[in-house]
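Participant: Listed below are the residues making up each chain.
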Amino acid sequence: DGGITQSPKYLFRKEGQNVTLSCEQNLNHDAMYWYRQDPGQGLRLIYYSQIVNDFQKGDIAEGYSVSREKKESFPLTVTSAQKNPTAFYLCASSRATGGTGELFFGEGSRLTVL
Amino acid sequence: KNQVEQSPQSLIILEGKNCTLQCNYTVSPFSNLRWYKQDTGRGPVSLTIMTFSENTKSNGRYTATLDADTKQSSLHITASQLSDSASYICVVTNSTSGTYKYIFGTGTRLKVLA
Numbered sequence: 001d002g003g004i005t006q007s008p009k010y011l012f013r014k015e016g017q018n019v020t021l022s023c024e025q026n027l028n029h030d031a032m033y034w035y036r037q038d039p040g041q042g043l044r045l046i047y048y049s050q051i052v053n054d055f056q057k058g059d060i061a062e063g064y065s066v067s068r069e070k071k072e073s074f075p076l077t078v079t080s081a082q083k084n085p086t087a088f089y090l091c092a093s094s095r096a097t098g099g100t101g102e103l104f105f106g107e108g109s110r111l112t113v114l
Numbered sequence: 001k002n003q004v005e006q007s008p009q010s011l012i013i014l015e016g017k018n019c020t021l022q023c024n025y026t027v028s029p030f031s032n033l034r035w036y037k038q039d040t041g042r043g044p045v046s047l048t049i050m051t052f053s054e055n056t057k058s059n060g061r062y063t064a065t066l067d068a069d070t071k072q073s074s075l076h077i078t079a080s081q082l083s084d085s086a087s088y089i090c091v092v093t094n095s096t097s098g099t100y101k102y103i104f105g106t107g108t109r110l111k112v113l114a
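Taken in order, these protein sequences are the chains called B and D.
Residue 1 is where the first sequence starts when you use the working numbering, and the numbers rise one by one after that.
Residue 1 is where the second sequence starts when you use the working numbering, and the numbers rise one by one after that.
Taking lysine-lysine pairs in the PhoX-like style, the calculated list, with each CA pair at most 25 Å apart, reads:
| id | chain 1 | residue 1 | chain 2 | residue 2 |
| --- | --- | --- | --- | --- |
| 1 | B | 70 | D | 101 |
| 2 | D | 17 | D | 37 |
| 3 | D | 37 | B | 9 |
| 4 | D | 101 | D | 37 |
| 5 | D | 1 | D | 101 |
| 6 | B | 71 | D | 101 |
| 7 | B | 57 | D | 1 |
| 8 | D | 101 | B | 57 |
| 9 | B | 71 | B | 57 |
Computed list of chain D residues with no C-beta within reach of chain B, every gap over 12 Å:
| id | residue |
| --- | --- |
| 10 | 58 |
| 11 | 65 |
| 12 | 71 |
Rough simulated footprint, nothing fancy, chain B against chain D, three-plus residues with beta-carbon under 8 Å:
| id | region |
| --- | --- |
| 13 | 27-35 |
| 14 | 39-48 |
| 15 | 100-108 |
Hint data in this document are derived by calculation from the structure and do not stem from the laboratory.
All C-beta atoms, glycine included, are put in the ideal place defined by N, C-alpha and C.
Given the sequences, and given the hints that come with them, work out the whole structure.
Facilitator: Right under this line is the structure:
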């Protein structure tokens, strides 16, 4: 079935460590996104990519990094520079242009800093 | 400033009852409006999409309305079930130069009690 796969589902990190969240899609979408979700807040955009080998900062990019070496993959690294990384992270994809722009989401990754 | 506001923030109803969730937006240019359902610890899933020319759209027990003049949308849930317990997120799509930008509401958390 077509969809978006995020891994791991749960991740624990010690302070000072970098961690990488995986996101893979087989929907043939050009655009991919990373969002952060905190209780009581709307989804906030971390990074997005409209095409392979290109990505743009979102509203809260500080302390995060991404790469887009393949159309299907858009991993997110949470670095030690991110001061409050404990959150639920959602990866999404969509057609870059045309259609209705529906966002398809993965199942999310919950990161907890110990 | 593009904004999406949802109300109420949370809602508790008894199984079998109806409820209506509200979404007000100030987004320009407007492309479409979607309602997503997000179960706890899962990724959001699209319920309905409303374009500028549509007033009402149903998806089973879910009925969405859109008033483009007042920039308001509602999601009505009929004969609620325990499985309707979730967060409901209103997302307005802004399309500029053919690419998409998504503005998220903070969601309404619905709890259906037996």
